[in-house]
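Undergrad: Each chain, letter by letter, is given below.
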Amino acid sequence: MDFWLQWARGPVFWTALTIMLMGLARQVLLTIWGAVRVYQRAGDRTIPTRQVVKATLKWLVPVGRLRNRWLYSLTTFLFHVGVILVPLFLAGHVELWKRGLGLSWPALPNSAATVLTVVAMIAALAVVIQRAISRDARPLSRFQDYALPLLIAAVFVSGFLVMHPAWNPFSLEPVLLVHALTADLLLFLVPLTKLSHMILLPFTQLISELAWHFPPDAGSRVAVALGKENEPI
Amino acid sequence: MTTQRKYSYHVEEKGLELSERPTRFLEAFAAILDHGNYQIALDTYARMSAKCGRCAAACQLYEATEEPQDIPCQRSELLLRVYRRYFMQSGVLKARFFGGFTLTDDYLDEMAEAFYRCTACRRCKATCPLGIDHGLITHLARWIMAEVGIVPRALVVSVREQLDGETGNTSAIPLPALKDTCEFLEEEFQDIYNIEIKYPFDVEGAEYVFFPAVSDYIMEADTLMGNAAVMHVTGGSWTIGTQNYDGINYGIFYSDHIMERVVKNIAAEVDRLKGKKVLVGECGHATRSAWFLPTFSGPEGPQVVHCMEYAHEMLEAGRIPLKPERIPERVTYHDPCNIARVGRITEQPREILKTICSNYVEMTPNRTENYCCGGGGGAVSIDEIRAFRTGPLGKRKVDQIRETGAEIVVSPCANCKKQLKELCQDNDLEEVEVMGLHDLLLRVIDFGVPEGVGEEESEE
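Taken in sequence, the protein lines are chains A and B.
With this note's numbering, the residue at position 102 of the first sequence is 102, and numbering never jumps.
With this note's numbering, the residue at position 427 of the second sequence is 427, and numbering never jumps.
Hints in this document: simulated from the structure, not taken from any laboratory.
We put the beta carbon where it would ideally sit given N, CA and C, even for glycine.
It is possible that some hints are incorrect.
What the hints assert, rightly or not - If you want the footprint, here are the derived chain A segments under chain B, 3+ residues with CB under 8 Å:
hint, stretch
1, 4 to 18
2, 22 to 35
3, 140 to 153
4, 203 to 210
5, 213 to 220
Said to hold, decoys possible - Within a straight-line C-alpha distance of at most 30 Å, the following computed DSSO-like cross-link-like pairs (lysine-lysine) qualify:
hint, chain 1, residue 1, chain 2, residue 2
6, B, 264, A, 54
7, B, 51, B, 94
8, A, 228, B, 14
9, B, 94, A, 228
Said to hold, decoys possible - Examples of chain A residues lying across from chain B (beta carbon under 7 Å, computed):
hint, residue
10, 59
11, 136
12, 137
13, 194
14, 200
15, 226
16, 232
Using the sequences and the accompanying hints, generate a full structural model.
TA: Dropping the structure here:
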């Protein structure tokens with residue numbers, strides 16, 4: 001057991017984390033490079049920066065954006081709060097980050113972390129249920145749309161049990177192993193799935209704006225490329 | 001020309017073997033990705049769409065039909081699936097190992113229907129937490145489809161006349177007919193308002209070169225008279241170009257290449273007349289297309305001014321004399337998507353209407369959140385889908401109008417007006433009048449002469 005734990009928290013963790021960070025870095029770099037290229041090719045370089053920034057900030061902290069499908073919105077909002085804060089600010093994790101990166105930062109009091117964890121667990125399950133019963137979301141949903149929140153729920157449940165032995169029907173080490181492995185799997189999946197929105201979200205409003213800034217003669221060039229420049233309408 | 005495939009809209013047969021269409025589609029897609037600026041958006045959307053379904057709540061069509069195919073994200077996925085499979089490394093690799101999705105003719109038919117159910121009004125974009133612009137995807141998908149001959153015949157026929165035809169405009173109005181119409185309107189000014197107002201043709205060096213929807217010359221006399229009246233009382237320097245007097249640009253509905261050509265023609269006409277600015281008439285998509293002038297003609301191209309922006313500025317400066325009477329009817333305002341969705345023109349028309357009307361009411365929602373009339377994206381020009389347009393697509397708009405209890409709906413867009421009129425006809429709202437903003441302005445402008453006094457010349 002000890003060996004597996006060391007393995008899960010050691011090489012597996014480092015591999016998963018590296019893949020995640022490299023994958024995300026690659027996507028960010030490609031996005032920024034793509035955005036610059038689009039901007040340079042654009043015929044019209046007037047970007048409504050203020051509007052874009054406003055929209056980006058609005059959606060990063062979507063308070064007041066919850067009117068539309070309010071219950072689903074509330075659930076996903078709480079889910080994100082838990083998912084972002086606990087991995088970064090739980091005291092136990094802060095220790096791990098310190099060991100790994102040499103950086104440390106203030107931790108949440110454990111009681112707050114517990115509340116957030118419970119909220120995240122319930123929200124994760126609620127997200128899955130709401131998706132399954134929602135007339136709008138169900139037709140859109142793929143395997144990853146159900147599997148990912150369930151995986152995240154597994155990470156949180158196992159983490160909760162580790163921190164609260166009184167609630168834990170199993171012994172500590174297997175649960176810790178499950179926690180480490182599910183977390184590792186999650187990290188690994190981030191750049192490969194829609195979870196990459198965690199790094200791409202700040203760019204999306206800009207990208208959607210830039211996409212309407214066409215190159216001046218894209219249409220003509222496409223016609224030439226397809227051999228249609230002399231074709232009548 | 002007959003259609004080989006059956007769509008809700010008529011299509012001209014291109015003589016393409018059906019089995020060739022998927023290949024041609026992918027070729028066109030590749031060329032557009034190469035030369036256009038779409039790739040970054042496709043990459044991002046394909047990677048991280050969360051499939052949350054919030055877009056569905058914003059879409060009036062989905063609200064009306066409740067069919068999964070009308071969920072914006074579902075529709076966009078039709079194109080993104082193709083992009084992922086053929087143009088993303090991960091997709092190509094996956095296909096090599098696991099097989100899966102292949103682009104077929106039937107799939108193209110599905111896209112053909114889906115992307116013309118959407119009016120690209122972009123309400124969904126505002127409610128997507130990830131900012132995915134499904135209207136952009138509709139816009140792009142339609143271009144690629146057009147390259148394999150999938151495009152409503154109604155739109156192509158108009159464009160053909162505008163770019164390759166004798167008359168050079170989408171309504172095939174020959175110049176003599178245009179001049180006749182304007183002469184008639186000048187006579188109306190004389191007879192009804194006792195004032196001499198001219199429609200100036202080919203004035204070199206004029207500040208504004210006027211580009212309304214050319215159909216206004218046939219169908220919206222009051223709007224055009226309103227336009228001329230405003231220019232007259234403000235002493236505006238304007239002209240109509242005899243080589244190009246059509247602001248309509250159906251390219252924005254189905255082909256960036258067509259859009260580019262039409263915009264460049266507008267710039268060329270302004271150049272020919274040594275004019276300074278483009279004055280766009282009351283037409284939504286013509287305005288938004290004209291806003292692409294910097295894209296296609298560079299920053300040195302002519303500035304674009306919307307006739308409502310002009311009228312508002314003049315009104316604020318006190319340069320439009322008004323009669324003391326206000327418009328008594330209950331008036332409401334429909335924000336055309338193409339000028340209001342990103343908030344570019346929302347306040348000026350309202351301020352004008354609040355000044356000249358005594359009973360102005362807002363639709364709810366309005367401004368950037370307004371619902372599409374149901375005729376957007378060129379849908380209004382496709383007669384054969386009228387039942388769909390005035391049914392599911394327009395249902396929300398009908399409800400909005402009814403809620404206001406308005407007697408007059410003002411909409412500064414030729415296409416919206418047509419759609420709104422048809423909506424009212426088909427939905428028991430015959431008593432509601434639909435008109436442009438300048439129609440109302442015409443009613444309240446004080447020309448400084450008593451009306452209907454006959455042949456006396458005005459002092460102006």
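Undergrad: If a hint holds in the structure, say so; if it does not, say that too.
TA: Okay, the hints, checked on the actual structure:
1. 4 to 18: Violated, because only 0 residues of the stretch 4 to 18 of chain A bring their Cβ atoms closer than 8 Å to Cβ atoms of chain B.
2. 22 to 35: holds (count 5)
3. 140 to 153: holds (count 4)
4. 203 to 210: Satisfied; 6 residues make the cut.
5. 213 to 220: holds (count 8)
6. B/264 - A/54: Not satisfied, since the Cα-Cα distance of roughly 33 Å exceeds 30 Å.
7. B/51 - B/94: 21 Å, holds
8. A/228 - B/14: OK: residue 228 of chain A and residue 14 of chain B at ~13 Å, within 30 Å.
9. B/94 - A/228: Not OK: residue 94 of chain B and residue 228 of chain A at ~33 Å, beyond 30 Å, violated.
10. 59: Residue 59 of chain A check passes; min Cβ-Cβ to chain B is 5 Å, inside 7 Å.
11. 136: Hint on residue 136 of chain A: holds, closest Cβ of chain B at ~3 Å, below 7 Å.
12. 137: Holds, because the Cβ-Cβ distance from residue 137 of chain A to chain B comes to roughly 4 Å (cut-off 7 Å).
13. 194: Because about 5 Å separates residue 194 of chain A from the closest Cβ in chain B, which is inside the 7 Å limit, the hint holds.
14. 200: 5 Å, holds
15. 226: Status holds, d = 6 Å.
16. 232: 6 Å, holds
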